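Here is what each chain is made of, one letter per residue.
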Amino acid sequence: MNNLIEHLIYGLDLFGTAIFALSGVLMAGRLRMDAIGVIVLAAVTAIGGGTIRDLLIGARPFWIQNTTYLWVILGTAGLGMLLTRLPKRLPWYTLPLADALGLALFVVIGAQKALSFGTSNMVAVVMGVITGVAGGMIRDMLAREVPLVLQKEIYATACIVGGILYTGSLELGLGALPAMLISMVGLLALRITAIFRHLSLPTFSL
Amino acid sequence: MNNLIEHLIYGLDLFGTAIFALSGVLMAGRLRMDAIGVIVLAAVTAIGGGTIRDLLIGARPFWIQNTTYLWVILGTAGLGMLLTRLPKRLPWYTLPLADALGLALFVVIGAQKALSFGTSNMVAVVMGVITGVAGGMIRDMLAREVPLVLQKEIYATACIVGGILYTGSLELGLGALPAMLISMVGLLALRITAIFRHLSLPTFSL
Amino acid sequence: MNNLIEHLIYGLDLFGTAIFALSGVLMAGRLRMDAIGVIVLAAVTAIGGGTIRDLLIGARPFWIQNTTYLWVILGTAGLGMLLTRLPKRLPWYTLPLADALGLALFVVIGAQKALSFGTSNMVAVVMGVITGVAGGMIRDMLAREVPLVLQKEIYATACIVGGILYTGSLELGLGALPAMLISMVGLLALRITAIFRHLSLPTFSL
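Protein chains in written order, with UniProt numbering: chain A, 1 to 206; chain B, 1 to 206; chain C, 1 to 206.
Don't take each hint at face value.
Pairs count within a copy or across copies, as identical chains cannot be separated in the list.
[To be verified] With a straight-line Cα cutoff of 20 angstroms, these simulated SDA-like cross-link-like pairs (lysine to any residue) come out:
| no. | residue 1 | residue 2 |
| --- | --- | --- |
| 1 | Lys113 | Leu174 |
| 2 | Lys113 | Thr193 |
| 3 | Lys113 | Asn66 |
| 4 | Lys113 | Pro61 |
| 5 | Lys113 | Arg197 |
| 6 | Lys113 | Thr94 |
| 7 | Lys113 | Leu14 |
| 8 | Lys113 | Leu170 |
| 9 | Lys113 | Leu55 |
| 10 | Lys113 | Ala176 |
Everything labelled a hint here was simulated from the structure, so no lab data went into it.
For clarity, every value in this text was computed on a predicted model and none was experimentally measured.
With the hints as constraints, model all of the structure from the sequences given.
Structure (structure tokens):
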């Protein structure tokens, strides 16, 4: 049973990696990069956040131990370049929803890994957010755009809420699995509402 | 006595963190970010330099151990969004002078921490400079601007001078406190002169 | 004999550092930076890739142990600012060819160091590529340009080929030196062909 759940989490993690890689592929296509540029942008988007988290908490980057993540990125980049027309045939909300699912898992996994390296709850929330958004931020910096996650519909905000729900549930004595479910449901509810209602936080300007 | 000085340094360090965070808030306001973008930009500016220094010398990032820095950033971001009109009512040199004070301390703290991890004097100077300028450089990269510190009035230069004064004073046998004072006075004198006289190094162009 | 080869590799490594630093100097000149900006951009370009590699594999950044690299960068920045007209008097292919030689060595050194820290062959190739291209990518991000290496004539591609040739040769039982030569010759052949024929991979666009 426990083993089944671990496999499910691992599978979702690889799924999230593929979805994040795909968003890098789409950006590379807009910038007319060659195949290698596509792979680099896919990799940076998919594993950039987790890599920064691992460096900060003192872990060896996860993809150095397990190269499956790199193969998923290579496969996504290859498929993404072949099937360039596919995204246009899918309903518009397909990619945002898949991204939300990957994001929810990345945030929980990031917060969990930080806690297992002995951080406080507050730092675990920060690490969850970094896992979720830093890859996309580097992708946008490479593409010379002001990072979308700093402006887009309740994106980083949803990560913060997800991280607080996760560490808060653990603090209340819930097990890892219920805490994970509560956090992911909360984050997904927020992101899905924002996607379909185009909700944004009020912006602050001088 | 020694304890008092340590408290003073810690207080100045938190003050510098708040000032650097505020410069991130002001940039976020110019880019019309939402509250989360404001917090991210404030955090990157305030603790980015020290974080890179810690990763390079093999230390655990300082804010993972002591989350007071994160609370100072949150508080500054919150206050900064409430008091958007305040900066305009202060004399124009208020923020640059506060920034110079924070900078002077960041450089000395960065160089000192590097030395305590066994680096050479030259690397300690580099780490002092990174502590002082890297956060602002990442802030500018996120905002799609060529980093100001690479162009502005004797900014990185002042950090180098401060770092050399600090390690040089220690090398001459002075204690940590006199070395710190000499370095900070030198750096502040240079920055304050540059601020009021609008001094810049000659630029190099092809 | 072995000692001679080690000296040769070290000399080529410093030569590559100087060449990469020079490309940072040229970029700084185009951006009209001051002397410190020139040094920062030279340093980021020359040691940025190796530094990221070292952080990822858990090594102490190489220039913290051996500050010769920093002195080479300082010297190159100084000379580069004095001799601004020199590049225009050299044949146009001088700098690209020198860069290709530095690149070939950086890739091999990066892959070798990763293997010596116990990574798999695939990760070693990734580390070779990072050593070769990450410095230039940060340089371009600081200069607000979409990284050239993601778009330019078979640049990152040549690094991947070089990395695969190196790890593949070792896997086939060849010694470190023949593997190194095969890898460098392959990478150089690819880069030199691309430079003179202006070859590029087909770009991918949406």
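These are the hints, each one checked on the structure:
no.: 1; hint: Lys113 with Leu174; verdict: within (17 angstroms within a copy, 40 angstroms between copies)
no.: 2; hint: Lys113 with Thr193; verdict: neither (28 angstroms within a copy, 46 angstroms between copies)
no.: 3; hint: Lys113 with Asn66; verdict: both (16 angstroms within a copy, 19 angstroms between copies)
no.: 4; hint: Lys113 with Pro61; verdict: both (12 angstroms within a copy, 16 angstroms between copies)
no.: 5; hint: Lys113 with Arg197; verdict: neither (33 angstroms within a copy, 49 angstroms between copies)
no.: 6; hint: Lys113 with Thr94; verdict: neither (29 angstroms within a copy, 42 angstroms between copies)
no.: 7; hint: Lys113 with Leu14; verdict: within (16 angstroms within a copy, 28 angstroms between copies)
no.: 8; hint: Lys113 with Leu170; verdict: within (14 angstroms within a copy, 35 angstroms between copies)
no.: 9; hint: Lys113 with Leu55; verdict: both (12 angstroms within a copy, 18 angstroms between copies)
no.: 10; hint: Lys113 with Ala176; verdict: within (12 angstroms within a copy, 37 angstroms between copies)
Of the numbered hints given earlier, the model fails hints 2, 5, 6; all others are met.
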